[in-house]
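There are 2 protein chains.
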Amino acid sequence: MHLGSIVKERRKLFNITQETLAEMSGVGLRTVKQLESGKGNPTIITLEKVADVLGMQLVLQIKSMNQ
Amino acid sequence: MHLGSIVKERRKLFNITQETLAEMSGVGLRTVKQLESGKGNPTIITLEKVADVLGMQLVLQIKSMNQ
DNA sequence: AGCAAAAGTGCACTGTATTGCACTTTTAAA
DNA sequence: TTTAAAAGTGCAATACAGTGCACTTTTGCT
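Chains as they are written, first to last, in full-length UniProt numbering: chain P, 1 to 67; chain X, 1 to 67.
One or more of the hints may lead you astray.
Identical copies carry no separate label here, and so any pair may be met within one copy or between two of them.
Quick list of in silico lysine-lysine cross-link-like pairs, DSS-like style, CA-CA up to 25 Å [to be verified]:
1. Lys49 x Lys8
2. Lys12 x Lys63
3. Lys63 x Lys8
4. Lys63 x Lys33
5. Lys49 x Lys12
6. Lys39 x Lys49
7. Lys49 x Lys33
Hints in this document: simulated from the structure, not taken from any laboratory.
Being a predicted model, the structure only gives us computed values, none of them experimental.
Just need the whole structure built from these sequences, with the hints factored in.
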C-alpha cells in the first residue's frame, strides 16, 4: 500500500474533501490529487504538510517491521 | 532530529562513506550530502532509495508516538 | 435513474530538486 | 602534527515537482 492510499484513507476517516485538505495543509489541490492517486513523486515537505493536517508524521524506521 | 541526521547516523553504523551510499543507492553524491546536512527538500523517491540501502523504510504513522 | 459534488487528468508555466564540477573545510589515522 | 580521505558548499545546467485552469469521469445521495 503506497503513501497516497494511506493519505486518502486517513482523509476519508476525517470526512473531508481533497479540496479541504489542500486548503488546510497549504498544498495545491492538484498536488493533493496527484499524491492520493499515486501519481508523481512529492517532496518531503509537501507530504509532511498533508500528513500533519491528518495527524500523521513521516518517519524513517528499520525495515520489515510488522505494520 | 531530522531525517538527514537519521540517515547519517545509520550510514555510520554501516561504516560506509557518503560516496559509497550514493553509488549503492543510485542517488547523486551531491544529493546525499545535502540530505545528510539537512539542506534541501528531497523527494520521496530519493529518500526511499537511500533508506533502502540502509535497511530502512519511510512510513506514515499516527502522530505523537514515542520514539 | 438523475444530478450535484468530488475526484481524476491533459496542458502549460514556474520554481526548485538533482546533479556534476571545482573548491574549502573537517575528520581521523599514522 | 601532518595529511589524505571524507564531508560540506557555491555555481550553473537540466529534469521534474507544484500549481492553476479547464475539462472528463466517478461517486453517492435522493
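Cross-check of the supplied hints:
1. Lys49 x Lys8: both (14 Å within a copy, 24 Å between copies)
2. Lys12 x Lys63: between (28 Å within a copy, 17 Å between copies)
3. Lys63 x Lys8: both (23 Å within a copy, 16 Å between copies)
4. Lys63 x Lys33: This pair counts as between: shortest inter-copy Cα distance 23 Å, intra-copy 28 Å.
5. Lys49 x Lys12: Result: close within a single copy only, 17 Å intra versus 30 Å inter.
6. Lys39 x Lys49: both (18 Å within a copy, 18 Å between copies)
7. Lys49 x Lys33: For Lys49 and Lys33, the Cα distance is within 25 Å both inside one copy (14 Å) and across copies (24 Å).
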